[in-house]
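In the order they appear, the protein sequences are chains A and B.
Sequential numbering from 1 applies to the first sequence in our numbering.
Sequential numbering from 1 applies to the second sequence in our numbering.
Just so you know, not all the hints are guaranteed correct.
Chain A regions said to be covered by chain B (calculated; three or more residues, Cβ under 8 angstroms) [as the list claims (entries may be wrong)]:
1. 2 to 9
2. 31 to 42
3. 53 to 66
4. 131 to 145
5. 273 to 284
Taking CB as the label site, the calculated pair distances span [to be verified]:
6. B:207 to A:22: 56 to 64 angstroms
7. B:31 to A:308: 33 to 41 angstroms
8. A:361 to B:31: 51 to 59 angstroms
9. B:206 to A:202: 47 to 55 angstroms
10. B:54 to A:319: 51 to 59 angstroms
11. A:166 to B:149: 52 to 60 angstroms
Just so you know, these hints were derived from the structure itself, not from any lab.
Virtual Cβ for every residue (Gly too), placed ideally from N, Cα, C.
There are 2 protein chains.
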Amino acid sequence: MPADGIARQIAERLESASWIREMFERGLRLKAKLGADQVFDFSLGNPSNAPPSAFFDALAEVAAERDPGRHRYMPNAGFPEARAAIAGYIRDEYGYPLGDDGVILTSGAAGGLNVALHSICDPGDEVIVLAPFFPEYRFYIEQAQARMVLVQTDENFQPDPEALAAAITERTRAVLVNSPNNPTGVVYTPERMRALTDVLARRDSDANPRYLLQDDPYRRVVFDADRPCAPGGWYPRTILAASFSKDLSIAGERAGFIGVGDGVPQRGRLLEALTMLNRTLGYVNMNATMQRVLTRCAGAISDISAYRANRDLLCGALRKLGYDLTLPGGAMFVFPKTPIADEIEFCEILARSNILAVPGRGFGRPGHIRISFAVEPRVIERALPGFEKALAACRTVPGGA
Amino acid sequence: MPADGIARQIAERLESASWIREMFERGLRLKAKLGADQVFDFSLGNPSNAPPSAFFDALAEVAAERDPGRHRYMPNAGFPEARAAIAGYIRDEYGYPLGDDGVILTSGAAGGLNVALHSICDPGDEVIVLAPFFPEYRFYIEQAQARMVLVQTDENFQPDPEALAAAITERTRAVLVNSPNNPTGVVYTPERMRALTDVLARRDSDANPRYLLQDDPYRRVVFDADRPCAPGGWYPRTILAASFSKDLSIAGERAGFIGVGDGVPQRGRLLEALTMLNRTLGYVNMNATMQRVLTRCAGAISDISAYRANRDLLCGALRKLGYDLTLPGGAMFVFPKTPIADEIEFCEILARSNILAVPGRGFGRPGHIRISFAVEPRVIERALPGFEKALAACRTVPGGA
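Isolated chain A, as found in the complex:
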């Protein structure tokens, strides 16, 4: 019997998501009461940049074409020219061989991950996720009838190959990695990524394949010289799921893709499954207009320097105040330790200064908070006294730092 007219399993999921909703609703209440500019909202991962002018130019061109036939269904994997443009982008950016037919255009990276998980998981299969992790992974995995198995990263949020090795079972179908990472902003080092894929390679076979599922929307939102590594270059059974949401600041446009390199074993069959599920899960395709826009501007990128400046401003100031944090190399998040072990309590203390952050336990790591720096710099500047006050408040409580 259902609960309140909805599926029982969905009612349970709504329950488990309710503290995020709680935080969101508190934010709305605070903003309604004090005015939006009096609330320092660091809780959202919504890109704050402008899209590049190449994006706007391409959209105007597409709109001017008034082509009656280009808004209809196309092959489910996407317009051939859009797949070719994005395949070229992947080859340039990741550096491994990937034919145009290895690209399937999806509804964001989230759509791509759902499609990939459905393609490879039978009921009861296991997918390993490295914590801290994006909490919606649990839903993606359970929707594919698989089971999420959490493996903690180390104290600097780098993968722990031994912990991974211990977690692999006969039912392990994939390891899901996200670097630059949400919520920590950490970029996994090439050494750790290699150690991780070495563990996978020892257990991989055609009869019992172990996929590396790479969720990669933040690849080009990085602050240091080197690009994140591209494990698909050495671990063949890699499925890339990514999007232009963050680097082009178009998250609402649902412009994502799956990339399957030429070296992926049983590649043709995998592409068949991915293409079918892109259709039957109802995405059907990335919307036609964005496909046509990206055919023109897949290589464009927003000005990332604003995020880098925000990272330097926020992380420098928090460290000076006495916060313990691992410097994020990319994305738009930092994940500091909280001065008291109960980070939900610490979020309450921050909220007294109208600062909204997200407790770490939702990401699989209590004792931390996620702070998004996809905000205007003045929001950071004006919030610093509140961060200082919250730290001071903890020094006066038992067990405080």
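Got chain A; can you put chain B on it based on the hints?
Positioned in the frame of chain A, the structure of chain B alone reads:
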């Protein structure tokens, strides 16, 4: 253990979809061999109309705004002004009370159906589908871990309330209806729709809700005076899933919506579940650009008269030749009886005249074929000799009409 690197259950689904692929690939081979204009392809449900000029005008306006903040994430249910515009459209078109918050913007009607089925079905629940039916319903239902139960319509493809009553069990969660119908083009009569909901109403309760799930993308593609009926006006527990794909000829843009009327019991909880699943299934939202376009032109419509003219031309000619068919009142399909019982064999015979149609058994009704008239009129005209020849060929075989 997986099969060929993909999930075993997905390998089975690929198998069951393979005759459709077979047909599609034969079409490609024929077109490559003979040239596209020598093949009469009636196999696709892709709108052949041009979008209305209001659509192109709205897209140009949206593109000209170059607004840096309007391509980002918005609330998952959609931009408030887009939801309001589409709620207004639903109220005008369906005539029952539905607040703006009762609209959730989705990736096409297919995305909306997947979201709705996940919201209401627990594993093992049953969803009744009226045959002939769109074959992907089976996948949508199985992806939500529910079970499809087929109930045949009568010989004119109208719902059979007694057959429906006999099929309802304790686990029946919904009846999925599609009128105008793919593949028959038939519009369910108000009398039959009322009889159908009467059956549901007798078994509906808050403890064991029975949803009417209305898949309605063809509502405005109708050829006779009256609009199809709106069962949400009298059967409260109705969930509407529809799109602008067919009436605006923008199927590739993934512009769909769910409508939940004010009278739906336990409405708030249902909207919560629908909104969460729109996010966690990875659609996240209808793409931002289409939301902004439809805010401006939700009431616009393509010129439907071309489809009506095609229906009249094709159905008139086929009847004259001796084909037995039920006249479609809407959509872009006719579903004639085949002159021999084995409709796959009849499709082979048609293919000798380079005519592509789809066998009925995939839609749950053998002995019929689906012919899409979303084609240029000259394709119909040039194919008529082939339709005549195929009929004559059957008259000479044993068991032929």
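Hints, one by one, checked against the model:
no.: 1; hint: 2 to 9; in the structure: holds (count 7)
no.: 2; hint: 31 to 42; in the structure: violated (count 0)
no.: 3; hint: 53 to 66; in the structure: holds (count 8)
no.: 4; hint: 131 to 145; in the structure: holds (count 5)
no.: 5; hint: 273 to 284; in the structure: holds (count 9)
no.: 6; hint: B:207 to A:22: 56 to 64 angstroms; in the structure: violated, 29 angstroms
no.: 7; hint: B:31 to A:308: 33 to 41 angstroms; in the structure: violated, 52 angstroms
no.: 8; hint: A:361 to B:31: 51 to 59 angstroms; in the structure: holds, 57 angstroms
no.: 9; hint: B:206 to A:202: 47 to 55 angstroms; in the structure: holds, 54 angstroms
no.: 10; hint: B:54 to A:319: 51 to 59 angstroms; in the structure: holds, 55 angstroms
no.: 11; hint: A:166 to B:149: 52 to 60 angstroms; in the structure: violated, 44 angstroms
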